[in-house]
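Our numbering applies: residue 438 is where the sequence shown begins, and numbers increase by one.
By construction, these hints were calculated from the structure, which means they are not laboratory data.
Incorrect hints may have been included.
Listed below are the simulated SDA-like cross-link pairs for lysine to any residue, each with C-alpha atoms no more than 25 Å apart in a straight line [what the hints assert, rightly or not]: (1) K648 <-> A596; (2) K620 <-> P662; (3) K708 <-> N690; (4) K621 <-> S536; (5) K854 <-> K925; (6) K699 <-> E715; (7) K910 <-> C861; (8) K738 <-> H831; (9) K620 <-> D542; (10) K485 <-> D550; (11) K555 <-> Y657; (12) K661 <-> D760; (13) K709 <-> R584; (14) K854 <-> E782; (15) K699 <-> T651; (16) K699 <-> Y747; (17) K664 <-> N685; (18) K664 <-> D502; (19) K686 <-> I525; (20) K699 <-> M438; (21) K528 <-> N659; (22) K815 <-> S740; (23) K620 <-> T531; (24) K813 <-> M756; (25) K621 <-> T570; (26) K519 <-> P541; (27) K485 <-> P662; (28) K611 <-> A706; (29) K460 <-> V758.
Being a predicted model, the structure only gives us computed values, none of them experimental.
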Amino acid sequence: MDKELIINSSPTEVEIALLENSKLVEIHRQKTDNNFAVGDIFLGSIKKLMPGLNAAFVDIGHRKDAFLHYTDIGPQIISLKKYTQMVINKKMNTSSLESFKQEPDNPKNGKIDQTFRKNDEVLVQVLKEPISTKGPRLTCEITIPGRYIVITPFNDVIAISKKISDPEERKRLKVLISSIRPKKFGVIVRTAASGKKVADLHTEIRQLEQKWDTIYQELYANRKPQKLLSEVDKTTGLLRDILEENFNKIVVNDHQMFKGIKTFLGEIAPKKVNIVKEHKSQRPVFDSFGITRQIKASFGKTSTMGSGAYIVMEGTEAMHVIDVNSGPKMQRKSQEEAALNVNMEAAEEISRQLRLRDIGGLIIIDFIDMRHSDNKTKLLRRMKELMLSDRAQHTILPLSKFGLMQITRQRARPEVKIDTSEVCPTCRGTGKAQPTLLISDDIVRDLDNITRSRPRSKISMVVHPYVFSYLKKGIPSIQMRWLLKYSKWIGIKQDANFAINEYKFYDSRNDEIRL
Numbered sequence: 438m439d440k441e442l443i444i445n446s447s448p449t450e451v452e453i454a455l456l457e458n459s460k461l462v463e464i465h466r467q468k469t470d471n472n473f474a475v476g477d478i479f480l481g482s483i484k485k486l487m488p489g490l491n492a493a494f495v496d497i498g499h500r501k502d503a504f505l506h507y508t509d510i511g512p513q514i515i516s517l518k519k520y521t522q523m524v525i526n527k528k529m530n531t532s533s534l535e536s537f538k539q540e541p542d543n544p545k546n547g548k549i550d551q552t553f554r555k556n557d558e559v560l561v562q563v564l565k566e567p568i569s570t571k572g573p574r575l576t577c578e579i580t581i582p583g584r585y586i587v588i589t590p591f592n593d594v595i596a597i598s599k600k601i602s603d604p605e606e607r608k609r610l611k612v613l614i615s616s617i618r619p620k621k622f623g624v625i626v627r628t629a630a631s632g633k634k635v636a637d638l639h640t641e642i643r644q645l646e647q648k649w650d651t652i653y654q655e656l657y658a659n660r661k662p663q664k665l666l667s668e669v670d671k672t673t674g675l676l677r678d679i680l681e682e683n684f685n686k687i688v689v690n691d692h693q694m695f696k697g698i699k700t701f702l703g704e705i706a707p708k709k710v711n712i713v714k715e716h717k718s719q720r721p722v723f724d725s726f727g728i729t730r731q732i733k734a735s736f737g738k739t740s741t742m743g744s745g746a747y748i749v750m751e752g753t754e755a756m757h758v759i760d761v762n763s764g765p766k767m768q769r770k771s772q773e774e775a776a777l778n779v780n781m782e783a784a785e786e787i788s789r790q791l792r793l794r795d796i797g798g799l800i801i802i803d804f805i806d807m808r809h810s811d812n813k814t815k816l817l818r819r820m821k822e823l824m825l826s827d828r829a830q831h832t833i834l835p836l837s838k839f840g841l842m843q844i845t846r847q848r849a850r851p852e853v854k855i856d857t858s859e860v861c862p863t864c865r866g867t868g869k870a871q872p873t874l875l876i877s878d879d880i881v882r883d884l885d886n887i888t889r890s891r892p893r894s895k896i897s898m899v900v901h902p903y904v905f906s907y908l909k910k911g912i913p914s915i916q917m918r919w920l921l922k923y924s925k926w927i928g929i930k931q932d933a934n935f936a937i938n939e940y941k942f943y944d945s946r947n948d949e950i951r952l
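Turn these sequences into a full structure, and let the hints guide you.
Structure, rendered in structure tokens:
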């Protein structure tokens, strides 16, 4: 599978499109002034305790307080609080945890008001970006991610990605990490670490330790709630998390970002530096790769597939419902076989739509009814295969007796919503259009003005095909009458993209004549 990353940068926003075999599967948008990003680490201050919710609201230096639930504070919270206070009070002169005395683990079923008091200061990390009216959700289980590994302070566990299935490789990595990891830091080994040499992993551990030292330095110098360590921007974060051998092209339209990505790739994957290309054409980069067209076709209530079958999507904040319809071009096969084919095609489109729109929460899918249990099993297996490439955590349940499939999918940021509707070029959104009978009068009026101001200029015009036919029909046609009236030939071209009462005039250099 070929993967391409197309990046459209503007002064206010960066848009990132991920293509798999030239098909749009993910779209990410990041405002340049965004205050929150998943992974950012803050010094927070407990603002308000909510024993009824077993949660707290935390001031992290922004207008809206963040939410911290007891289940997200982690077993090492007592050690984390102690470390935070020691650094703030200048009682620790190093970021190393080697001499730090850890406290016992926090009970799993405790209460928030037994762990925190109002105005307590503690390190927190953004778990979910603000969604709707809710502020960001926080965790106290701090993680610092790299390309191959993730380090977790105040922990002592080495975890290997489940996607590394070879027992010998898992054993090699565990022994290797045990010998190079810093004391009192846990390590999560990512799938990308499979087959990597000790030098690569050791270099990354040193880089992650430097990030922990940055947190220490910021914490040592400041006491008020604020950001201590920012997650890398969305572009480099995506590259770090998804860059694989089958990634074959990264195109960016901004020169500074182009240089930054090349530098970043030089550090994490030197062999991939040459796949980065700078888009220098005057044509927008998303148009050049057909992304704008795919966005227009993919977002909306209905999504149509190649066979003519289509899915209808409706959503609330907590749940989305997807209905699968066979469409008018039902195949001439048995009903069971036709239903299976449509459902299989729909499963592929639904898995793409979940990633593309970043839909989270509970998703209910109403597939076309099938009688045979073997076909239901095939559909479930196919959906699980298609969702393997989805980086969000998800659970897929078998079809219920009502023919419904239930999927839960992790939601870390707001759903991507793109309004693909356009203002009607004919009525300009009013719902009313000028009488089409008067279009020829308007054209003649404008032609009179142009010929008076440009008596020697060559003039041509572009109109809707219906108007084109009207101006050309008959002998003498309206176009021929214009030749007698203006003593010059007015060229006429047709464009199906024009509204019926839309027209434009051009000079000999093909520049539009604006009235």
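Results for each hint:
1. K648 <-> A596: holds, 21 Å
2. K620 <-> P662: Distance ~28 Å between K620 and P662 Cα, so the pair is violated.
3. K708 <-> N690: holds, 22 Å
4. K621 <-> S536: holds, 9 Å
5. K854 <-> K925: violated, 51 Å
6. K699 <-> E715: holds, 10 Å
7. K910 <-> C861: Violated, because 28 Å separates the two Cα atoms, which is more than 25 Å.
8. K738 <-> H831: holds, 23 Å
9. K620 <-> D542: Status holds; Cα separation ~17 Å.
10. K485 <-> D550: holds, 10 Å
11. K555 <-> Y657: holds, 22 Å
12. K661 <-> D760: violated, 50 Å
13. K709 <-> R584: Roughly 14 Å separates the two Cα atoms, so the pair holds.
14. K854 <-> E782: Satisfied, since the Cα-Cα distance of roughly 23 Å is no more than 25 Å.
15. K699 <-> T651: Holds: K699 and T651 sit about 24 Å apart, inside 25 Å.
16. K699 <-> Y747: violated, 41 Å
17. K664 <-> N685: Not satisfied, since the Cα-Cα distance of roughly 35 Å exceeds 25 Å.
18. K664 <-> D502: Roughly 14 Å separates the two Cα atoms, so the pair holds.
19. K686 <-> I525: Given that 25 Å is the threshold and the Cα spacing comes to 46 Å, the pair is violated.
20. K699 <-> M438: holds, 23 Å
21. K528 <-> N659: Holds, at about 14 Å.
22. K815 <-> S740: holds, 23 Å
23. K620 <-> T531: Roughly 14 Å separates the two Cα atoms, so the pair holds.
24. K813 <-> M756: Given that 25 Å is the threshold and the Cα spacing comes to 23 Å, the pair holds.
25. K621 <-> T570: The hint is violated at about 38 Å.
26. K519 <-> P541: Since the Cα atoms of K519 and P541 sit roughly 12 Å apart, the hinted pair holds (cutoff 25 Å).
27. K485 <-> P662: holds, 15 Å
28. K611 <-> A706: holds, 23 Å
29. K460 <-> V758: Holds. K460 to V758 sits at ~24 Å (cutoff 25 Å).
Checked against the numbered hints given earlier, this structure breaks hints 2, 5, 7, 12, 16, 17, 19 and 25; the rest are met.
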